[in-house]
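*Asks:* What follows is each chain in one-letter form.
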Amino acid sequence: MLRTPSRRKRKEPAQRLNLIPILDAVFIFIFFLLMSANFIKIFEVQSDVPIVSSTPPSNKKPLALTVKVYNSGLNVYKGVPSRLIKKIPKNSEGEYDFESLHTYMIDLKKTYKTERSVVLEPIVDIEYDIIVKIMDAVRLLRKTDDAIYIKDKDGMDNPAKYLFDKIVFGNIRS
Amino acid sequence: MRLNRSIRNRGRRNKKGPVDIDITSLLDILVIMLVFLLKSYNTTGVILNVPKDITLPTSNSSDVNTSGVVVQVSPSTIWVDDQVILDKEDPKGNPYDQGKRRIIPLYNELVKKKRIIKQVEKSSPEAQKFSGIINLIVDKTIKYSEVKKILYTAAEAGYRSYKFVVLGEGN
Numbered sequence: 001m002l003r004t005p006s007r008r009k010r011k012e013p014a015q016r017l018n019l020i021p022i023l024d025a026v027f028i029f030i031f032f033l034l035m036s037a038n039f040i041k042i043f044e045v046q047s048d049v050p051i052v053s054s055t056p057p058s059n060k061k062p063l064a065l066t067v068k069v070y071n072s073g074l075n076v077y078k079g080v081p082s083r084l085i086k087k088i089p090k091n092s093e094g095e096y097d098f099e100s101l102h103t104y105m106i107d108l109k110k111t112y113k114t115e116r117s118v119v120l121e122p123i124v125d126i127e128y129d130i131i132v133k134i135m136d137a138v139r140l141l142r143k144t145d146d147a148i149y150i151k152d153k154d155g156m157d158n159p160a161k162y163l164f165d166k167i168v169f170g171n172i173r174s
Numbered sequence: 001m002r003l004n005r006s007i008r009n010r011g012r013r014n015k016k017g018p019v020d021i022d023i024t025s026l027l028d029i030l031v032i033m034l035v036f037l038l039k040s041y042n043t044t045g046v047i048l049n050v051p052k053d054i055t056l057p058t059s060n061s062s063d064v065n066t067s068g069v070v071v072q073v074s075p076s077t078i079w080v081d082d083q084v085i086l087d088k089e090d091p092k093g094n095p096y097d098q099g100k101r102r103i104i105p106l107y108n109e110l111v112k113k114k115r116i117i118k119q120v121e122k123s124s125p126e127a128q129k130f131s132g133i134i135n136l137i138v139d140k141t142i143k144y145s146e147v148k149k150i151l152y153t154a155a156e157a158g159y160r161s162y163k164f165v166v167l168g169e170g171n
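So the protein lines, in turn, are chains Y and F. Just so we're aligned: 65 in my numbering is position 65 of the first sequence, and the numbers increase by one with no gaps anywhere. Just so we're aligned: 103 in my numbering is position 103 of the second sequence, and the numbers increase by one with no gaps anywhere.
Simulated from the structure, these hints should not be mistaken for lab results. Hints may contain errors.
Derived list of chain F stretches under chain Y, where covered just means 3 residues or more per stretch with a C-beta under 8 angstroms from a C-beta of chain Y [unchecked claim]: (1) 27 to 36; (2) 62 to 71; (3) 134 to 147; (4) 154 to 168.
Some chain Y residues judged to face chain F by a derived CB distance under 8 angstroms, without partners named [to be verified]: (5) I42; (6) V80; (7) R83; (8) D125; (9) D129.
Simulated crosslink set (BS3-like; lysine-lysine; CA at most 25 angstroms straight-line) [said to hold, decoys possible]: (10) K100/F <-> K112/F; (11) K39/F <-> K90/Y; (12) K39/F <-> K143/Y; (13) K143/Y <-> K113/Y; (14) K140/F <-> K166/Y.
Where a beta carbon is used, it is the ideal one built from N, C-alpha and C, also for glycine.
All chains should be modelled from the sequences, with the hints used to inform the complete structure.
*Replies:* Structure below.
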């Protein structure tokens, strides 16, 4: 009687490492790390230094849009010499009404589609945070705003991305 | 037992099949991590250090940052590229001139930075040219009168473009 070959008798299935507990721990660890991580998104708002141009002015009447910040509210001027076209008083909570300013800027942009410059002149000593909010109100066209179409060189209508994005501080030398 | 130890089985007894590791859950974790990291990835390559004294204002802007000289302004200190140039609580002498419009240490440092960039620009044709860009990391509580001095000083030093660094909305 033949004996069963020992090799065949001892054949065992390959052992699998049980990684489930350690992977569970790693998953929980990563989840906590991701939850506590602070993914800060930093962007920029551009402004240019006011310069005296040597080029002769064009025949076209400039808009010369200016926003002056007073204690009582925001005043919008246009033209040369500047003429007050809109007064935006502070709201009932005593804060500057950025929404009204933004809405008025949209109306202006609809009329002056190719214009991109605005002069910002804070007359009172406001905080930097308020300056940024005013800059946002005058320069950005939000997704929820009415679309404004501007004709390009080829005569195609393209949606405007900005209102008046070329901001210049008018009184830094004063 | 005796069989295992036998000379005949020497060399065979430790031979096992390859270990099969189940990496499905590991791959799940890696995918989740990849999604989060890609979402937060900044492609501009500009590194801006915000000192702990500075709280940035929030903005709806989505314009990505550009490289340039970095000026950090907190209520008590002014830095240029992370180097303290004016401690307002302990100023050495009068730091202002031109009718308190110009900050002298800031002006000197900005001119120095500009000169270094222009020297590098001359020495190597592949070097980054002087862009005239100044990245302003300013605390949101700083008053306009102070911001105005910094803008004026930067303009005097030959920097033509201000980039106000802000936090994206929702941060």
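*Asks:* Hints first: check each against the structure and report whether it holds.
*Replies:* These are the hints, each one checked on the structure:
no.	hint	result
1	27 to 36	holds (count 5)
2	62 to 71	holds (count 5)
3	134 to 147	holds (count 10)
4	154 to 168	holds (count 12)
5	I42	holds (6 angstroms)
6	V80	violated (23 angstroms)
7	R83	violated (24 angstroms)
8	D125	holds (5 angstroms)
9	D129	holds (4 angstroms)
10	K100/F <-> K112/F	holds (21 angstroms)
11	K39/F <-> K90/Y	violated (39 angstroms)
12	K39/F <-> K143/Y	holds (21 angstroms)
13	K143/Y <-> K113/Y	holds (18 angstroms)
14	K140/F <-> K166/Y	holds (22 angstroms)
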